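Enquirer: Below, each chain spelled out in residue letters.
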Amino acid sequence: DSGVTQTPKHLITATGQRVTLRCSPRSGDLSVYWYQQSLDQGLQFLIHYYNGEERAKGNILERFSAQQFPDLHSELNLSSLELGDSALYFCASSELSSYNEQFFGPGTRLTVL
Amino acid sequence: GENVEQHPSTLSVQEGDSAVIKCTYSDSASNYFPWYKQELGKRPQLIIDIRSNVGEKKDQRIAVTLNKTAKHFSLHITETQPEDSAVYFCAASWSIIQGAQKLVFGQGTRLTINP
Numbered sequence: 001d002s003g004v005t006q007t008p009k010h011l012i013t014a015t016g017q018r019v020t021l022r023c024s025p026r027s028g029d030l031s032v033y034w035y036q037q038s039l040d041q042g043l044q045f046l047i048h049y050y051n052g053e054e055r056a057k058g059n060i061l062e063r064f065s066a067q068q069f070p071d072l073h074s075e076l077n078l079s080s081l082e083l084g085d086s087a088l089y090f091c092a093s094s095e096l097s098s099y100n101e102q103f104f105g106p107g108t109r110l111t112v113l
Numbered sequence: 001g002e003n004v005e006q007h008p009s010t011l012s013v014q015e016g017d018s019a020v021i022k023c024t025y026s027d028s029a030s031n032y033f034p035w036y037k038q039e040l041g042k043r044p045q046l047i048i049d050i051r052s053n054v055g056e057k058k059d060q061r062i063a064v065t066l067n068k069t070a071k072h073f074s075l076h077i078t079e080t081q082p083e084d085s086a087v088y089f090c091a092a093s094w095s096i097i098q099g100a101q102k103l104v105f106g107q108g109t110r111l112t113i114n115p
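From first to last, the protein sequence lines stand for chains E and P.
Numbered per the working numbering, the first sequence spans residues 1 to 113.
Numbered per the working numbering, the second sequence spans residues 1 to 115.
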């Protein structure tokens with residue numbers, strides 16, 4: 001157990017819908033990262049938040065957005081869902097320093113039908 | 001843009017033999033290179049990492065080497081065991097600004113250890 005929690009574990013929805021994925025970082029970690037992992041694909045970096053502020057963006061679609069709240073939990077919002085959005089979504093957290101290990105949560109498996 | 005190439009995509013070795021996975025990165029400013037192991041349906045877990053001021057690091061049966069000039073780094077697993085079977089990802093990280101870190105992952109290597 002990494003100490004990072006994600007909910008829900010599984011999510012099945014239809015095209016065109018909107019979903020919210022939730023992540024709680026390890027106690028004391030200020031950074032939260034979101035990744036997308038499609039079937040048999042690598043981990044694609046989506047976005048990084050540090051202490052409530054967006055710090056870096058990857059290949060995140062405009063239909064996706066995220067935020068980090070004062071209690072440091074983060075939410076990833078996916079809207080106008082398409083079949084191709086079906087994937088595992090991981091969040092990870094790390095300490096203040098830029099050179100620290102990222103601890104991954106168990107992931108949310110999103111299936112868009 | 002940032003890019004990490006990982007080879008091979010699949011690797012099959014006999015139990016007890018060694019396995020080597022290689023990665024190259026594109027940005028000379030990269031300064032942190034972790035390796036993650038991901039078992040089927042599970043989260044990626046860090047197995048070893050190396051920073052840019054170090055050329056080699058070892059942890060029991062696992063070692064990583066870094067060649068900054070050539071911009072490549074490698075994972076070496078010796079005396080492989082069935083439980084080493086998994087997908088391995090390399091990554092290159094660099095700091096964008098204070099407190100901001102970005103990880104770019106390779107495409108992964110599916111390692112199979114044959115008994």
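Hints listed in this document are in silico derivations from the structure and should not be mistaken for laboratory results.
Predicted model, so just to flag it, every value in this text is computed and none were measured.
Keep in mind that the hints are not guaranteed to be accurate.
To be verified - Quick list of the computed label-pair ranges, beta carbon to beta carbon: (1) P/17 with E/7: 24 to 32 Å; (2) P/51 with E/9: 41 to 49 Å; (3) P/71 with E/65: 28 to 36 Å; (4) P/17 with E/69: 44 to 52 Å; (5) E/44 with P/112: 36 to 44 Å.
What the hints assert, rightly or not - Some chain E residues near chain P, calculated using beta-carbon distances under 7 Å: (6) 43; (7) 52; (8) 56; (9) 69; (10) 101.
Claimed, not checked - No farther apart than 20 Å at their CA atoms in a straight line, the calculated lysine to any residue pairs in the SDA-like style are these: (11) P/42 with E/1; (12) E/57 with P/3; (13) P/42 with E/11; (14) P/37 with P/70.
Glycine included, C-beta positions come from ideal geometry on N, C-alpha and C.
Enquirer: Against this structure, judge whether each hint is valid.
Expert: Now the hints, each set against the structure:
| no. | hint | verdict |
| --- | --- | --- |
| 1 | P/17 with E/7: 24 to 32 Å | violated, 41 Å |
| 2 | P/51 with E/9: 41 to 49 Å | violated, 34 Å |
| 3 | P/71 with E/65: 28 to 36 Å | holds, 34 Å |
| 4 | P/17 with E/69: 44 to 52 Å | holds, 49 Å |
| 5 | E/44 with P/112: 36 to 44 Å | violated, 24 Å |
| 6 | 43 | holds, 4 Å |
| 7 | 52 | violated, 12 Å |
| 8 | 56 | holds, 5 Å |
| 9 | 69 | violated, 18 Å |
| 10 | 101 | holds, 5 Å |
| 11 | P/42 with E/1 | holds, 11 Å |
| 12 | E/57 with P/3 | holds, 15 Å |
| 13 | P/42 with E/11 | holds, 16 Å |
| 14 | P/37 with P/70 | violated, 24 Å |
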